[in-house]
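Trainee: As they're listed, the protein sequences go chains A and B. Residue numbering for the first sequence follows this note's numbering, starting at 781 and increasing by one per position. Residue numbering for the second sequence follows this note's numbering, starting at 2 and increasing by one per position.
By construction, these hints were calculated from the structure, which means they are not laboratory data. Certain hints may be false.
Far from chain B, some chain A residues (derived; all Cβ distances over 12 Å) [said to hold, decoys possible]:
| no. | residue |
| --- | --- |
| 1 | N816 |
| 2 | Q887 |
| 3 | R949 |
| 4 | L975 |
Here are the simulated distance ranges between beta carbons [to be verified]:
| no. | chain 1 | residue 1 | chain 2 | residue 2 | range |
| --- | --- | --- | --- | --- | --- |
| 5 | B | M38 | A | R971 | 54 to 64 Å |
| 6 | A | M904 | B | L28 | 23 to 33 Å |
| 7 | A | K897 | B | L28 | 44 to 54 Å |
| 8 | A | G854 | B | Y129 | 26 to 36 Å |
| 9 | A | W974 | B | V260 | 30 to 40 Å |
| 10 | A | E926 | B | Y129 | 28 to 38 Å |
| 11 | A | R971 | B | V324 | 34 to 44 Å |
| 12 | B | P27 | A | A906 | 17 to 27 Å |
| 13 | A | R969 | B | L28 | 49 to 59 Å |
| 14 | B | L28 | A | Q887 | 42 to 52 Å |
| 15 | A | A906 | B | V283 | 30 to 40 Å |
| 16 | A | R786 | B | L105 | 53 to 63 Å |
Bear in mind that the values here come from a model prediction, so they are computed numbers and not experimental data. We put the CB at the ideal spot given by N, CA and C, even for glycine.
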Amino acid sequence: MLEITRLNVRFGGAHVLRDVSVAVTRGQIHGLIGPNGSGKTTLLNAISGFVDCTGTITLDGRRLNGLAAHRRVGKGLGRTFQNPKAPDDMTVADLLRLGEHQIRTLQWHTVAFRPWKAAHQRHMFAQRCEQALTSLGLSPDLLERELGTIASGDLKMIDIARALMVRPRLLVLDEPTSGMNDHEIEVLRTRLEWLRESGLTVLIVEHNVRVVTDICDRITVLSGGGILAEGPPREVFQRPDVIDAYLGEDEGRSPESPPASLEKTR
Amino acid sequence: MSSITRSAAYRGWRRRAQGLQPVRGPLGFAVTAAVFMVALSGAPDTTLMTISLACVYAIAALGLTVVFGLAGMLSLAQAAIMAVGGYTVALIALDTIGLLPALLLAVVAGAAVSGLSGVVGARTKSHYFALATLALAEGVRLVLVNESSVTGGSNGHPVALVSLLGLQLADPRYFILLAVPLVAGCAYLVHCLRKSRFGLSLKAAAADEYMAKAAGVAIDRSRTLATIVSGGLAGLAGALLAILNGYVGPQDFGLGAAVLLLLIVVFGGASSSMGTVVAAVVLTYASRGMLDLAEASGLVYGLATLLLLLLLPGGVAGVGKAVAGRLGGRIRRARTRQEEA
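Using the sequences plus the hints, can you model the full thing?
Mentor: Okay, here's the thing in structure tokens:
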């Protein structure tokens, strides 16, 4: 599905990712964990096309390298952010409309000569927007609300809905549970499992160890820009080097609730 | 539509409103323009002149709202691009090719020059774009002043008199008959752009470039297109100013005009075309009224602007929105009370 081979990212003199190779299998939820500064978000940014990198990234056998970020969306890549930012006066419906052209191109001649068809297409799209929200357990009434008036947990869900609108084959989630309460995390977990059932592949960066062990089929542990371990979560979390690098670095802290200092912006 | 969560009355109202959609918007702008023209029919000449100038600045400022208000790119070149439009109609034989082709040509010239800044702007971050547009403005000014064999240098260049349906357009009484409908048309165009996916993309890209890219927006292309649209409107405004004055000169398109246009956009508020038009009228009145104060005018103008920005941070549109919000809240509360009773 997603194959990353020998990926290297350098920011000036800093070698942020060294020879990282990851393979995500179709229909699986693949976790990406690691201590702060290990390069998780940089890896996601390389996949999205936000940073320059060497090495190859292929999605379903098609090379993503060298494609502009918005073209990668057209190839089936959906992406969310840890701290989604959007204009406060934009409505949810408007946010979901942003990627409309990626899945349906409304031609000018359709609008001009067959307006009924254009109207039908718009109607179908409005229905898709409602479905995207309801499939994540949100009320379709949110569509007409302005983003500035929406709680942060709901905003993250809406960001996922926004990513799902472009019908991705691979959904990349950057710390989706940060800023969500326990109930919302529970909802997200069940919805992600539903989405997996429907054939979606998910790559997820997550700090919440319980969520990772519960839903991920496979995890990759990054440390210092390289891969430390890979395998099913229960096995990986048993390994002493993983516990050292990720879980055991500060014994006073519960791994399920990382302190605010771990919450980094991208 | 979710039938469970929305009341039948609400859905019915929505559907009827949507049926009117293609007519409602243009009708609103056209009616406003017509009322305005009737109200002006008996006004004295100085008022008509101010309104004519306000129309010109309103069109240029509407263009600027696309780049500055929506895309968040601070452009200082808008006045220079007006100059491109103005000199275009001054230098071509206006009386032979006719008014409409001349205006179109000015729009195209403005769009092309502004598009140059867009090619740079799509690749640079905000403050670099502002500097790039400053360079463009200065470049245009240098060409206008130094190529005196073509442009007339700092003395400027005369513009042929044009008439529309036998009415002399250099006379503000007849000029507004052309300018007011054009302002309404441009305001409606910008209003539509703001609601379109193009406008939404610009807004999203201004708030978070990465989020917009991940949503599938080609932000470079959107930004370049924004500068082209904005340049087209500035070209039109410049051409109208040239026709009104019967003359173009570099001093009309200096940094002062560029700052006036930015002020109109800020004062009008980024979220409403009508706000921009109102701001254009108010600020043009203010800047022309200040002419009587001679030397103190700069000080008074600056202080007045500062006060406006402090007291009305959301601009005219912000005030309108607050009032509408209050009224809307009252209506909603009344409706829920009715439903409860």
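Trainee: Given the range 26 to 36 Å, decide if the beta-carbon distance of G854 (chain A) to Y129 (chain B) lies inside it.
Mentor: At roughly 29 Å between Cβ atoms, Y129 (chain B) and G854 (chain A) fall inside 26 to 36 Å, so the hint holds.
Trainee: Taking C-beta pairs only, is N816 (chain A) more than 12 Å away from all of chain B?
Mentor: It holds; N816 (chain A) is separated from chain B by about 20 Å at its closest Cβ, greater than 12 Å.
Trainee: Is the nearest CB of chain B more than 12 Å from the CB of L975 (chain A)?
Mentor: About 18 Å separates L975 (chain A) from the closest Cβ of chain B, which puts it past 12 Å; holds.
Trainee: A range of 44 to 54 Å was offered for this pair. Does it hold for the Cβ distance of K897 (chain A) and L28 (chain B)?
Mentor: Between K897 (chain A) and L28 (chain B), where Cβ atoms are some 25 Å apart, the hint is violated.
Trainee: Using the C-beta atoms of M38 (chain B) and R971 (chain A), is the stated range 54 to 64 Å upheld?
Mentor: The hinted range 54 to 64 Å holds for M38 (chain B) and R971 (chain A), with Cβ atoms some 57 Å apart.
Trainee: Can you tell me whether the CB distance of A906 (chain A) to V283 (chain B) sits inside 30 to 40 Å?
Mentor: holds (39 Å)
Trainee: State, for the Cβ atoms of R971 (chain A) and V324 (chain B), whether the hinted interval 34 to 44 Å holds or is violated.
Mentor: holds (41 Å)
Trainee: For the pair L28 (chain B) and Q887 (chain A), does the Cβ-Cβ distance stay inside 42 to 52 Å?
Mentor: 27 Å Cβ-Cβ, so the 42 to 52 Å window is violated.
Trainee: With 12 Å as the threshold, tell me whether Q887 (chain A) passes as away from chain B on beta-carbon distances.
Mentor: Nearest chain B Cβ is 14 Å from Q887 (chain A), so the label holds.
Trainee: Using the Cβ atoms, figure out if R786 (chain A) sits within 53 to 63 Å of L105 (chain B).
Mentor: holds (55 Å)
Trainee: In this structure, is the beta-carbon distance linking W974 (chain A) and V260 (chain B) contained in 30 to 40 Å?
Mentor: Given about 55 Å between the Cβ atoms, the range is violated.
Trainee: Is the Cβ of R949 (chain A) more than 12 Å away from each Cβ in chain B?
Mentor: It holds; R949 (chain A) is separated from chain B by about 14 Å at its closest Cβ, greater than 12 Å.
The structure shown violates the earlier hints numbered 7, 9 and 14.
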